[in-house]
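Colleague: Working from the sequences, and respecting the hints, build out all of it.
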Amino acid sequence: MEEQKSRVAIIAAHGTLDAAYPPLILATAAVAMDMEAAIFFTFFGLNIVKKGMADKLKVAPIANPAMPMSIPNIIGMLPGMTSIATGMMNSWMKKANVAKLSELMDIAAESGVKLIACQMTMDVMGIKREQLIDSVEVGGAATFLEFASRNAITLTF
Amino acid sequence: MEEQKSRVAIIAAHGTLDAAYPPLILATAAVAMDMEAAIFFTFFGLNIVKKGMADKLKVAPIANPAMPMSIPNIIGMLPGMTSIATGMMNSWMKKANVAKLSELMDIAAESGVKLIACQMTMDVMGIKREQLIDSVEVGGAATFLEFASRNAITLTF
Amino acid sequence: MEEQKSRVAIIAAHGTLDAAYPPLILATAAVAMDMEAAIFFTFFGLNIVKKGMADKLKVAPIANPAMPMSIPNIIGMLPGMTSIATGMMNSWMKKANVAKLSELMDIAAESGVKLIACQMTMDVMGIKREQLIDSVEVGGAATFLEFASRNAITLTF
Chain A
1 MEEQKSRVAI IAAHGTLDAA YPPLILATAA VAMDMEAAIF FTFFGLNIVK
51 KGMADKLKVA PIANPAMPMS IPNIIGMLPG MTSIATGMMN SWMKKANVAK
101 LSELMDIAAE SGVKLIACQM TMDVMGIKRE QLIDSVEVGG AATFLEFASR
151 NAITLTF
Chain B
1 MEEQKSRVAI IAAHGTLDAA YPPLILATAA VAMDMEAAIF FTFFGLNIVK
51 KGMADKLKVA PIANPAMPMS IPNIIGMLPG MTSIATGMMN SWMKKANVAK
101 LSELMDIAAE SGVKLIACQM TMDVMGIKRE QLIDSVEVGG AATFLEFASR
151 NAITLTF
Chain C
1 MEEQKSRVAI IAAHGTLDAA YPPLILATAA VAMDMEAAIF FTFFGLNIVK
51 KGMADKLKVA PIANPAMPMS IPNIIGMLPG MTSIATGMMN SWMKKANVAK
101 LSELMDIAAE SGVKLIACQM TMDVMGIKRE QLIDSVEVGG AATFLEFASR
151 NAITLTF
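Protein chains in written order, with our numbering: chain A, 1 to 157; chain B, 1 to 157; chain C, 1 to 157.
Which copy? The list can't say, so a pair holds if one copy fits it or any two copies do.
Restricting the straight-line Cα-Cα distance to at most 30 Å, the calculated cross-link-like pairs of lysine-lysine (DSBU-like) are:
no. : residue 1 : residue 2
1   : Lys128    : Lys50
2   : Lys5      : Lys100
3   : Lys95     : Lys128
4   : Lys95     : Lys50
If you're looking for bench data, these hints aren't it; they were derived computationally from the structure.
Modeller: Have a look at this one:
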C-alpha cells in the first residue's frame, strides 16, 4: 500500500444527466487529490461517452418523487416535460458554477482519468469505436476489475 | 490494517424511500460490528437529511417492473398512486418491525455514523444549512474520498 | 493481503433486467480471474433469485431518457410497452451472444459465487426460503459486510 497510490474506480451504468455528474465530479476530485481514477461506462452509461452526447443528456421528470421540482407523474409524462426538467437542472448547475459535462469530461481526460467504454455494451447495442469520443479506451469487465483490485474506492452510479 | 478499523463509506444519491433505507441499515449495522461508517448525501439524496423529510420520502409506483405490488405504468402514473405505493411499503416495513427512517437516522447519528451533506448539491439546489437536520455536517467530494480512502467498504445507493 | 484473494462484493438492489446483468457478469468475470465473489440480493433485487424469475425480468420503457430505443414517456407508459422494451433488450443480448440471466446464475453458482438473499427483505415482502432458487443462502447486512470487509471491490447495482 505504501508504494501504491489510492485509486477511485467508478462504474457509470446510467446515462441520464443526474447519473453522469457524480462519476465525473468524483473522478476529477480524486485526481486533484493525487489519486488515480477510472470510469467504466457500461449499459446505458455508454451513452455518456458517445460523441456529442455529454451535453445532451437528459433527466427524467417522472418516477422520481425526490426531485426538487416535484411534479405529478401524470404531468411529468407529457411531451416536452423531459426537456423542461433537463433545462431546469442545467440552469441550476450553471448558476452554481458547476462545469458542463463535456467540460468535466475534457478535464477528466486531460488530468489522466482513465475512461473505459464497455466492449460488451458496444456489441449489444451495436455501437462502433468511431461513435465514441477519442479519449476513451475500450475494455471489458476484466479491465475494470483489474484496475479496481488495487487499493481502490469503488463506486457505482 | 491492524491499527485502522474497517470502514463503510456510503453515497446516498437518490431520495426515494427505497433508496434511503439501505444506506442507513448498512451504516448502523456496520457500527454495531465495530466498524466506522459515513454516509454522503448528494444529489437527490440530500432530500433524506432535510428537516422533517425522512418520514415523508416516497416510492415511485412506475418505471419499476420489479416492484412486489406490480401495477401497469398507465395505472401507476395516476394521481394518488405514489401515496398508495408509499403507504404499502411503509406498512410492510412496520409489520416486519423495521424502524422508521427518522428513527434509523437518530440511531445512526447517536452511534457515531458520520452524516455528510454535499456542499455542491446545496449550492445547486439552493438549500441552506438550517434546512438540514442538526446531525449532519457539510462537506464535499474530497471529504467523502478522504474518509473512503482508508480501508473502507464503499457503496452507492 | 498476500494470503487473501481479491474479492468482489456486490449488492443487487434492483430487480430489473438491466440492473440484474451487471452483478452476474462482474461476479462471474471475477471468479474467472481467480477472485472470490458474492452477490447480496436485497430490496427489489431479491426478485432476481426468486424461482423462475431470472428470465422473466423486465426493463422499464419509461423514465430512462438514455435508453437506446428512446421513446416518449407518454408512449412508454402504454400497456404492452414494457414487454416490447424487454423483448428488444433480450434480443440484443442474444444477438451479441450474451448468456441469459438464468444461465449466468447457474454459472455463478457452479463457479463458487456466493449468492446471498437478504433476510430482512424476505421478512418485509413475506417471501419464504422455498420461493427462492436453491443456490442462494439467506443472510443479513452483517453477512454482506463481513464478506466485503476483507480486500474487496464493493459495488452496488
